[in-house]
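Which chain is which? The protein sequence lines are A and B, in order. First residue of the first sequence? That's 0 in numbering that gives the first Met the number 0, and the numbers climb one at a time after it. First residue of the second sequence? That's 0 in numbering that gives the first Met the number 0, and the numbers climb one at a time after it.
Since the hints were derived computationally from the structure, they do not count as laboratory data. Where hints are given, some of them may not hold.
[Stated by the list, open to error] Below, a list of computed lysine to aspartate or glutamate pairs in the DMTMM-like style, where the Cα atoms sit at most 25 Å apart: (1) B:Lys160 - B:Glu117; (2) B:Lys155 - A:Glu8; (3) B:Lys155 - A:Asp4.
These numbers come from a predicted model, not from an experiment.
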Amino acid sequence: MNKEDKIREQVQKSMHSLEGIQRAKADDLFYERLIERLHDETEGAPKNVDSSMGFVLAAAAVIILLLVNVFTIREYQQSYGDQTVRQENLNAFAKEYQNQVKIPTIYELNTNK
Amino acid sequence: MEKYKDRVYNTCLGLLHQHEDAEDVAQEVFIQVWNSISDFKGESTLTTWIYRIAVNKSLELIRYRNSKKRSAYFHSVTDPKNKPDEVSADDSFMHPGIALEQKEQAEALFKAIDKLAETQKVAFSLHKIEGLSYKQIAEIMETSLAAVEALMYRAKKNLRKLLYEYYKTNM
């Protein structure tokens, strides 16, 4: 038998080597380990929050949001009011300055000559 | 559970070729069955459903191993100080259900099975190691009977080719 034939024979043997295979059995402690793991998973899982508690939390969140909104609006209105007063002051100052410092026109300058 | 324990473990072992991983995945299968039994719609039999979970979970681990292998290889190329992690399946895997006189040939076969494409590996392992019929495999893989026949044909053809190369270099 030459090498080629030997290789082909080994290939055939290998292809049939799984015939009559027995099912592998899980370890004897498989069940105990599984129960332990299931127990760990259920222990570690977050507990369900009571539905009434959930409602209270949602209501509290809405109230906080409303308060923040009211506070922001009031702050905005206040700063807008301040701006108006500042503008009025500026206008008054400009008017006063205009009355006090009279800038001569070109005709007035010519007549003074 | 007693009915499915060994079936699930044997299926996982047939695909993963690693005893510890097979037990871990088998346990995950039962945890998923426990958590999602209410989602089981009865469109397939309970046995098919459990086998499907076992196959999917095993494939998830194989894909994870392959991605780790790829990244380890990449790191070893970019940084020679980094040695690849040992995440591959046991090279000298031997199924405990193999007869003693066939162990040597079976070892070469398992090495070749590891090199098969995913779907071919699943079909071949479920048929040869778990002893399922083509019809059952088609239900588990959610495909047609003809597709399973084609997968088995290609798996055997590729295995012969891989074994031929193996013996050519090792004889």
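Now the hints, each set against the structure:
1. B:Lys160 - B:Glu117: Given pair B:Lys160, B:Glu117 holds - Cα atoms ~17 Å apart, limit 25 Å.
2. B:Lys155 - A:Glu8: Given pair B:Lys155, A:Glu8 holds - Cα atoms ~15 Å apart, limit 25 Å.
3. B:Lys155 - A:Asp4: holds, 19 Å
Checked against the numbered hints given earlier, the structure satisfies every one of them.
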